[in-house]
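2 protein chains.
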Amino acid sequence: MEENIPDNQGGARHSRSNCELSQLSQLAELPVDTLKELARICRPLRFQTGQIVAHEGERPDFIGFVHSGILRMQKTLEDGRQHIVGLLVEGDMFGRVFDGPLNVSVESVADAEVCAMQRAPFESLLLRSPELDRVVLLNILDELDRARDWMIILAKPKVKERLAGFLMVLCSRFAGVDHILRAGSGTIDVKIPISRTDLAHLLGSRPESISRAFHALADGGSIAIKKPDLIEIQDMDALCVVAGDEDAGNHPTMEHLLEFLHGRDD
Amino acid sequence: MEENIPDNQGGARHSRSNCELSQLSQLAELPVDTLKELARICRPLRFQTGQIVAHEGERPDFIGFVHSGILRMQKTLEDGRQHIVGLLVEGDMFGRVFDGPLNVSVESVADAEVCAMQRAPFESLLLRSPELDRVVLLNILDELDRARDWMIILAKPKVKERLAGFLMVLCSRFAGVDHILRAGSGTIDVKIPISRTDLAHLLGSRPESISRAFHALADGGSIAIKKPDLIEIQDMDALCVVAGDEDAGNHPTMEHLLEFLHGRDD
DNA sequence: CGGTATTTTGAGTATCGTCAAGGCCAGTGG
DNA sequence: CCACTGGCCTTGACGATACTCAAAATACCG
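Protein sequences, first through last, are from chains G and D.
Per our numbering, the first sequence starts with residue 8, numbered consecutively.
Per our numbering, the second sequence starts with residue 8, numbered consecutively.
Source of the hints: derived by calculation from the structure; they are not laboratory data.
Some hints here could point you the wrong way.
No distinction is drawn between identical chains; accordingly, a pair holds when it is met within one copy or between any pair of copies.
Below are the BS3-like pairs computed for lysine-lysine, each with C-alpha atoms no more than 27 Å apart in a straight line [unchecked claim]:
1. K233 - K43
2. K198 - K43
3. K82 - K234
4. K198 - K234
5. K43 - K234
6. K43 - K165
7. K82 - K233
8. K167 - K234
9. K43 - K82
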């Protein structure tokens, strides 16, 4: 039960009759006829904060493309506790093409729109469209990279380092996602999308330690805590140093980010 | 330079004129003509312990299928330190199909045989063979799962828990790999394939703490240290409890493993 | 058998998890 | 409009754990 595409009874709301697939940058370059076929088999779904999109162990009848909002992937441990293994944002895909049940649950962290592609026709289209297949493949490869980046961050011995790494990820990979980053005057405001408790699960720590780590970073001068979930980044380079610089020289500079954000805000 | 398939000058040795592709269980089910095409574009390579198979940031001209031995994937941090993000064993694939440069280095931990598929013809074959495409897709999805499992393990607060989780992974996912597991009398001997230092990097700790964690597990009675790199597992259930049981009720039992190993040894 | 690298042990310090209490904010109801 | 309530974040104190540095013991290799 409940393995089908969620309907109104299930809690999700159909927002429009079809998705605006071309807004997803990865799909935009697909051939027109492929896009048309995609549009035919996809259903837009809306989820409110806290709703379950897919359950671990089930095999939903759809493959999801996140259109807006933020979802979190989590695994349920034996003792019932949930452990976050990643966040999904605009443009991300979830669901196991050609494969068995999910091994993560997906839950909306903020109000989210998801394009649900019916599994069977999507897989069949995948076989006929090499371009779509390629997009899906690259998407998964991308997610693999993200998981590896998380591994590097999680392997840091100190909470402060892991938290700094997390903030760097928000500034790089999540930079394009609306409502997360906002340009200030020579600084950048970061809206932390999840609670301290969730952040603690994600970083393998406790809420108290996360809180202390935030304030330790603030005392160091690299960030300021405007509100508990609104962080102002004052010194990106210092943050990189604390984070231990996961990817050698691959981090965004403050100037580059500000430029990017000002471009987006106009 | 050195972005091509390693040749004899580069250190890797061609072992035979063609790979025994059918030995790789995932490929065995492919259509015969696809296998033939694969055989034509693949080169067997041999690597000795410590050899670099592929450099981070490069885009090797081949996609690798591990035939035997163990390789490790690692990222180079800014300070030059290397951080292990995963191990590759028999049946695993590496190299980014249809995509840019690698973002991990691959290095052989033990003498290894790798089937190197020339990139261009492999990608072209991928477009023509849906079955091969599916195999590749599932392989990457699998690796994504493994990365997520690592995240769960890495997020454990105590080193002892992470180490127990690592041992459980060796007993489940690496069970089929030769020379890692060996059946004892009601116990299982595990050959730790990497040094304490590497293990420390993998688990986000230090060699000293890893050593202490090993001995703490031994004092608890769940394992015995026969040699520094040869661990006898005496109580798998106890080990699961210490590990915190990542995947609810998904761990192998001692009996099941012993049965499996005895079947293999005959 | 000697030399080197790896592993182990020890002592001291820093960090983190735990428990408990207090503060901040939003929503509710008088 | 204000007091109350509940959830989340913060702070403090204390014990447990892990990191650091240094040295000893062991294993490995020729």
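Q) What are the numbers of the hints that this structure violates, sorted from low to high? A) 1, 2, 3, 5, 6, 7 and 9
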